[in-house]
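Undergrad: Chains as they are written, first to last, in this note's numbering: chain A, 648 to 756; chain B, 648 to 756; chain C, 648 to 756; chain D, 648 to 756.
Please note that the accuracy of each hint is not assured.
Copies of one chain are not kept apart here, so a pair can be met inside one copy or by any two copies together.
With a Cα cut of at most 30 angstroms, we get these calculated DSSO-like pairs of lysine-lysine [claimed, not checked]:
#  : residue 1 : residue 2
1  : Lys727    : Lys745
2  : Lys747    : Lys721
3  : Lys695    : Lys659
4  : Lys745    : Lys733
5  : Lys733    : Lys747
6  : Lys736    : Lys721
7  : Lys736    : Lys747
8  : Lys705    : Lys752
9  : Lys659    : Lys752
10 : Lys659    : Lys745
11 : Lys703    : Lys721
12 : Lys703    : Lys736
Quick caveat, the hints were computed from the structure, so don't treat them as lab data.
Keep in mind that this is a model prediction, so the values were computed, not measured.
If you want the building blocks of each chain, they are given just below.
Protein chains: 4
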Amino acid sequence: MADIDEIIESLKRFRNDRDWEQFHNSKDLSIAISIEANELLELFLWKKAEDANIEKVKDELADIFAFAFLLADKYNWDVKEIVLEKIRKNGEKYPVEKSKGTAKKYDEL
Amino acid sequence: MADIDEIIESLKRFRNDRDWEQFHNSKDLSIAISIEANELLELFLWKKAEDANIEKVKDELADIFAFAFLLADKYNWDVKEIVLEKIRKNGEKYPVEKSKGTAKKYDEL
Amino acid sequence: MADIDEIIESLKRFRNDRDWEQFHNSKDLSIAISIEANELLELFLWKKAEDANIEKVKDELADIFAFAFLLADKYNWDVKEIVLEKIRKNGEKYPVEKSKGTAKKYDEL
Amino acid sequence: MADIDEIIESLKRFRNDRDWEQFHNSKDLSIAISIEANELLELFLWKKAEDANIEKVKDELADIFAFAFLLADKYNWDVKEIVLEKIRKNGEKYPVEKSKGTAKKYDEL
């Protein structure tokens, strides 16, 4: 089985064993991603990037992935497909010649 | 090449073509994930889950994955490994018999 | 002393007693507001609005206010002035006749 | 009228003129605060604190205050009271002698 399918299968087994699908509407899953992203962010608060606790960063990043994969699965999206499609769209918003070496947003380029 | 490796290679090519690695420290990548998570969340604001614009949900979720994969790559983590390891840990925090059918947090079980 | 000044004075005294101003640059204060906003949000996760723990909501909302007031003070902004000014601007983006009774964003009106 | 009351009255007039109270349940107001906090955060993304656009910082901070005041009003909380009460609680979690000059979280002190 492909890696992503295997991850999603494990997440769904965990969820179904606990009968949690009833709570996992897409609005609350999106809230969950934001919460996990901010638990990740807290590890960097008042600190330089390199001073965060790496083991905890790993844990929080895994939580973000978990809810993101569950949300993708909810809509039956192929994660590789949607990310590659987004890269293609971003290539139009951020053409290399304009965006190279600058962190400006596309509407300021 | 495995799906996840292919996604990450595409993201890094996009980033390197624009010389953006210099901006991608782990603190700002974490900020980026939170920002994208909230752009996703905005699609559900003042609405029921089912009333969100699905095409936009797809776009924002792809952005979250993009920064999450870049952050995983920064630390050389294998995404499948860290998510499966987190599922294992969560299995201890949320034993089936205690957590089945309830949305309570582990410290309230 | 006006209420807002009194709040800000108390926050600064707390901060200065601990010599924390050194950490309170505007980027990290903004991160702190996002983190506190998500601790608030967690109280509503997988739940209806009315099922959140109100005492905890109060605590987290107070934390958001604390960092928001400290950020306003950092730039010497008068909170009443900036909020009233924003209401005025929003009045232009959301004219009553177009926005009444609808939760649509201004760019969809 | 006290400053905070005046702010809240203005926010409620704006809201009521548009018949928006129906959307403003406490869960969505909390989501709104998180979204605004991340619009603020975006102004600092890939940047040093001092490189953010100050006029935009002011605008986004005002939005955070707006939703925070509306949420406080929803529960009939006195903002000065809840912030001062939280400072008192934080004084117990962060005693001066332990927390002076360190950005550590209370559970690591």
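Undergrad: Determine for every hint whether it applies to the structure shown.
TA: Status of the hints after comparison with the structure:
no.	hint	verdict
1	Lys727 to Lys745	within (27 angstroms within a copy, 35 angstroms between copies)
2	Lys747 to Lys721	between (36 angstroms within a copy, 20 angstroms between copies)
3	Lys695 to Lys659	between (36 angstroms within a copy, 23 angstroms between copies)
4	Lys745 to Lys733	within (19 angstroms within a copy, 33 angstroms between copies)
5	Lys733 to Lys747	within (18 angstroms within a copy, 35 angstroms between copies)
6	Lys736 to Lys721	both (23 angstroms within a copy, 23 angstroms between copies)
7	Lys736 to Lys747	within (17 angstroms within a copy, 35 angstroms between copies)
8	Lys705 to Lys752	both (28 angstroms within a copy, 19 angstroms between copies)
9	Lys659 to Lys752	between (37 angstroms within a copy, 19 angstroms between copies)
10	Lys659 to Lys745	between (43 angstroms within a copy, 18 angstroms between copies)
11	Lys703 to Lys721	both (27 angstroms within a copy, 15 angstroms between copies)
12	Lys703 to Lys736	between (33 angstroms within a copy, 13 angstroms between copies)
Comparing the model with each earlier hint shows no violations; every hint is respected.
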